[in-house]
Amino acid sequence: MEILQLDFYTQAVLSLAALIGLTSFLMLGQGRLLRLVFVFALQGLLLTLATGLAAYTLDNQHLYISAALTLALKVIFIPWLLRRHVLRMNMHRDVEALHNKTAVMLGGASLMIFSYYVLLPVISNTTTMMVNALAVSLSVVLLGMLLMISHRQAIAHVVGFMSIENGLFFAAIVSTRGMPMVVELGIAFDVLVAAVLFGIFFMHISKSIDTLDVDMLNRLNEVDR
Amino acid sequence: MIPAYLLLFVPFVGIIYFALAGHQPQVGRINTWFNAVALVMSLWLAINVLNSGAILSGSQYFIVDSFNVYLIVLTAFVGLTTSIFSASYMAHEKDLGKLTDKRLRLYYSMYQGFMLTMYLVLTTNNMGIMWVAMEGATLATVMLVSLYRTPESIEAAWKYFILCGVGIAQALFGTILLYYAAIQSGDAETALLWSVLFENAAQLDPEILEIAFVFMLVGYGTKIGLVPLHNWLPDAHSEGPTPMSAVLSGLLLNDALYAVVRNKMLVDGATQSHIAGYLMMGFGLLSFLVAALFLHRQKDIKRLFSYSSIEHMGLMTFAFGIGTPFATFAALLHMTVHSLTKSAIFVTVGHAAQIAGTQSIDRIRGLINTQPKVGWGLLIGTLAIAGFPPFGVFVSEFLVLLATMHSYPWLTPLLLLGIGLACAGLFRNVQPMVYGARPEGQQPVQANLWPVMIHLALVLWMGLAVPGFLANWFTQATVLISGSAPL
Chain A
458 MEILQLDFYT QAVLSLAALI GLTSFLMLGQ GRLLRLVFVF ALQGLLLTLA
508 TGLAAYTLDN QHLYISAALT LALKVIFIPW LLRRHVLRMN MHRDVEALHN
558 KTAVMLGGAS LMIFSYYVLL PVISNTTTMM VNALAVSLSV VLLGMLLMIS
608 HRQAIAHVVG FMSIENGLFF AAIVSTRGMP MVVELGIAFD VLVAAVLFGI
658 FFMHISKSID TLDVDMLNRL NEVDR
Chain B
53 MIPAYLLLFV PFVGIIYFAL AGHQPQVGRI NTWFNAVALV MSLWLAINVL
103 NSGAILSGSQ YFIVDSFNVY LIVLTAFVGL TTSIFSASYM AHEKDLGKLT
153 DKRLRLYYSM YQGFMLTMYL VLTTNNMGIM WVAMEGATLA TVMLVSLYRT
203 PESIEAAWKY FILCGVGIAQ ALFGTILLYY AAIQSGDAET ALLWSVLFEN
253 AAQLDPEILE IAFVFMLVGY GTKIGLVPLH NWLPDAHSEG PTPMSAVLSG
303 LLLNDALYAV VRNKMLVDGA TQSHIAGYLM MGFGLLSFLV AALFLHRQKD
353 IKRLFSYSSI EHMGLMTFAF GIGTPFATFA ALLHMTVHSL TKSAIFVTVG
403 HAAQIAGTQS IDRIRGLINT QPKVGWGLLI GTLAIAGFPP FGVFVSEFLV
453 LLATMHSYPW LTPLLLLGIG LACAGLFRNV QPMVYGARPE GQQPVQANLW
503 PVMIHLALVL WMGLAVPGFL ANWFTQATVL ISGSAPL
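In the order they appear, the protein sequences are chains A and B.
Each residue of the first sequence is one higher than the one before, counting from 458 in our numbering.
Each residue of the second sequence is one higher than the one before, counting from 53 in our numbering.
No wet-lab data here; the hints were simulated from the structure.
Warning: the hint list may mix true and false statements.
Stated by the list, open to error - 25 Å max Cα-Cα, derived BS3-like pairs, lysine-lysine: (1) B:K351 with B:K150; (2) B:K146 with A:K664; (3) B:K351 with B:K425; (4) A:K664 with B:K211; (5) B:K425 with A:K664; (6) B:K351 with B:K211; (7) B:K154 with B:K211; (8) B:K146 with A:K558; (9) B:K150 with B:K211; (10) B:K146 with B:K425.
None of these values were measured; they are calculated from a predicted model.
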C-alpha cells in the first residue's frame with residue numbers, strides 16, 4: 458500500500474513513530490548530559506503530540522487526560538528535575554567519553570530490526586501501521602536498555618529508564634488507544650514516585666561516592682577479593 | 053468482599069499513621085497490631101471463600117478465589133510474625149545508633165506500604181493494576197534497602213531499583229500486548245480483567261499471547277529472581293535491614309510468581325500448547341542449579357540464604373512449568389513451606405548477625421554456645437530448608453521429584469544433583485557457625501524467637517501431615533490452575 462493512500466491520522470502516527478525512534482538514537486550517541494535531557498524532553502513532546510492526535514481523531518476524552526499527564530510529567534517535570542540535578546552537581550560541562558560509539562549505534566540498528574522480527578507474527582491479523590508502531594515502541598524500549606548499558610552516568614540511566622516508559626506508553630496509545638484510565642493513572646503515579654526517588658538517590662550516591670559515575674558502584678561482588 | 057476492602061484499608065491507614073508517628077517508643081508493637089488486624093481480615097476473607105467459593109467484587113475490580121486466598125493468608129501471617137521480630141530488632145538497631153527518627157518513620161511507613169502493594173497484587177482482578185502494584189512494591193522497598201546509608205547499601209538499592217524497574221517494564225509491554233489481543237474481540241473497559249480474559253481465553257490470538265508471555269516471564273521473573281536476572285536479589289537482601297529480607301524472601305518472590313502463574317493460565321487457554329510451561333521449566337531449572345552452585349561461594353550469611361531463596365523459587369517455577377495437577381499441587385505446597393521456613397531463617401540470621409556484630413560467615417562462630425535458642429533455631433531452620441524429613445520442604449520437594457519422574461524422567465537426575473549441591477552448600481557454611489566454642493566478646497542479645505518457633509512448628513506439621521482444610525484448598529487451587537485434581 459502506498460503511504461499517500463492512508464488517511465491523515467495513520468500517516469501522522471507513522472511519522473511520529475519514526476521521529477520517536479530517531480530521538481532514541483540521538484540519545485544513544487549523546488555524551489553531554491544537558492543535551493541528553495533535552496532530547497528526552499523532545500521525545501516526551503512527540504509522545505504528547507501522538508496522544509493528543511489520537512484523542513482528537515478518536516474523540517476520546519480520557520486520551521486528552523493522558524496527553525496532559527504526559528506533557529506534565531515527561532516534558533516538564535522530569536526533564537526539569539534532571540536538569541536541576543545536572544546543574545547542581547556541576548556536571549553540565551562534562552562530556553562523557555562513550556566507548557565504541559560505532560558499535561553501539563550498529564547495535565541499536567540491529568535491535569530495531571530485531572523488534573520487527575519479533576513482532577512479525579502479529580502482521581497476520583492487523584494493519585501495517587500497527588506493526589510499525591509496535592515495532593518502533595519495542596525498539597525504543599530496547600534502545601533505552603542499550604543507553605543504560607553504554608552510558609556510565611546515573612543521570613543517563615534515569616533517562617534510559619524513563620525513555621523505556623515512553624516506548625511502552627507509545628505502544629499503549631497506538632495499538633490499544635490507551636489502557637483503561639485507572640491503570641494509566643496508576644502507571645503515571647509510579648513514574649512520578651520513581652522520578653522523585655531517583656532524585657533522592659542522586660543525593661545519596663554523590664554523598665557516598667562523591668560522583669554519579671556508576672562504575673564506582675562496585676563494592677558488592679560475587680568474586681572474592 | 054468487605055474483608056478484602058478492609059484488608060487494603062488497614063495498611064493504608066498504617067502508611068499515614070507511621071509517616072507521622074513512626075519514631076515513638078511503642079511503635080514496633082503498634083506495627084504488630086496493624087498486621088494482626090490484617091491477619092484477622094484475611095482469615096475472615098478465607099472463611100468466606102471456603103464457604104461460598106470464589107468471590108468477584110461488584111465492580112469486578114477484585115477477585116478472591118482458592119488460588120490467591122491462601123497466599124493472602126500466608127502474606128498476612130508472615131507479615132505479622134516478621135513485624136513481631138522487627139519490633140525488637142529495630143529497637144536494638146536504634147540503640148546502636150544506626151537509625152534516626154526520620155528513618156524509623158520511613159521504615160515503619162514503608163513496611164505497611166509494602167504490605168499494601170502485596171495485598172493489592174494478590175486481590176486485584178485487573179492485570180494492569182497488578183503491574184502497578186508490583187512496581188509499587190519495588191518503590192516501597194527500595195528506600196528500605198538503603199536504610200543504613202552505607203555505600204554498600206546505596207549501591208544495592210540502586211541496583212535493585214534499576215534492574216527491577218527495567219525488568220518490570222518488560223512485563224508492562226507484555227500486559228499491553230495482552231490487552232491488544234483482548235480488545236480485538238472484547239469490550240475495552242473489561243478487557244484487562246483476569247476473570248473476563250480467563251473465560252474468553254480460547255478466543256485470544258495465540259501468537260500474540262506467546263510473545264506477551266515471554267515479556268511477562270522476563271518482567272515478573274526479574275522479581276522472582278530467576279537466573280540470569282537475579283543479580284539484584286542477594287545484594288538487596290544482604291544490605292537491607294533483616295526484617296525486610298524476611299518479607300522480601302517470604303512474600304515478594306511468591307507474589308511475583310503468582311503473577312506469572314495467573315498469566316500462564318491465560319496463555320495456556322489461548323495457545324492450547326505447552327510453550328509457556330517449557331519456558332518456565334527452562335528458566336526454573338537454570339535458576340535452581342546455578343543458585344545451588346553459588347551457595348558454595350558465599351561469604352555473607354544473608355547472601356547465603358538469599359541464594360537459597362533463588363534456588364527454591366527456581367524449583368517452584370519449574371514445578372508450575374510442568375503443569376500437571378500433581379506438580380502444581382507440589383508447587384503450591386512448596387510456596388507455603390518455603391516462605392514460612394525462609395522468613396523464620398532470616399529472623400534467626402538477623403539475631404545471629406546482631407550477636408556477632410557482623411554478617412561475615414567467617415566471623416560468626418559458636419552460636420549454640422553463645423545463645424542456644426538462636427543457634428538451634430538457625431540449625432533447625434537450615435535442616436528444614438535443605439529438605440530433611442520430617443519437615444514440609446521435604447514433602448513438597450519429594451512431590452516435585454515424583455511429578456518430574458512421571459512427566460520428564462530424564463530431568464530427575466538434574467533435580468537430585470541440585471538438591472544435593474544445595475544441601476552441601478548450606479551445611480558447609482552453617483555448621484561452623486552454630487557449633488564450636490564461643491568467641492571472645494560475643495554477647496547474647498535480647499531476642500524474641502516466638503515467630504521462628506511458630507513457623508518451624510507449622511512447617512513440621514505440614515511435613516508430618518498436611519492438615520485437611522489446607523489440602524482441600526491446595527486441591528481446589530490445583531483444579532483452578534491445571535484443570536483437574538491431583539490424585
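Check your understanding: Taking only the CA atoms, is the gap from K425 of chain B to K664 of chain A under or equal to 25 Å?
Key -> violated (40 Å)
Check your understanding: Are K146 of chain B and K664 of chain A close enough, with their CA atoms no more than 25 Å apart?
Key -> Holds, at about 22 Å.
Review point. Regarding the pair K664 of chain A and K211 of chain B, is the alpha-carbon distance no greater than 25 Å?
Key: Roughly 17 Å between the alpha carbons, so the hint for K664 of chain A and K211 of chain B holds.
Check your understanding: K351 of chain B and K150 of chain B: Cα distance at most 25 Å?
Key -> holds (23 Å)
Check your understanding: Keeping to a limit of 25 Å between CA atoms, is the pair of K146 of chain B and K425 of chain B held or broken?
Key -> holds (23 Å)
Check your understanding: When you check the alpha-carbon spacing of K146 of chain B and K558 of chain A, does it fall within 25 Å?
Key -> violated (49 Å)
Check your understanding: Does the alpha-carbon distance linking K154 of chain B and K211 of chain B stay inside the 25 Å limit?
Key -> OK: K154 of chain B and K211 of chain B at ~24 Å, within 25 Å.
**Study point:** Proposed proximity, K425 of chain B with K351 of chain B (alpha carbon, max 25 Å)
**Key:** With a Cα-Cα distance of about 23 Å, the restraint between K351 of chain B and K425 of chain B holds, given a limit of 25 Å.
Practice item. Please work out if K351 of chain B and K211 of chain B have their alpha carbons no farther apart than 25 Å. Key: holds (20 Å)
Review point. Between K150 of chain B and K211 of chain B, does the CA-CA distance stay at or below 25 Å?
Key: Holds: K150 of chain B and K211 of chain B sit about 23 Å apart, inside 25 Å.
Checked against the numbered hints above, the structure violates hints 5, 8; every other hint is satisfied.
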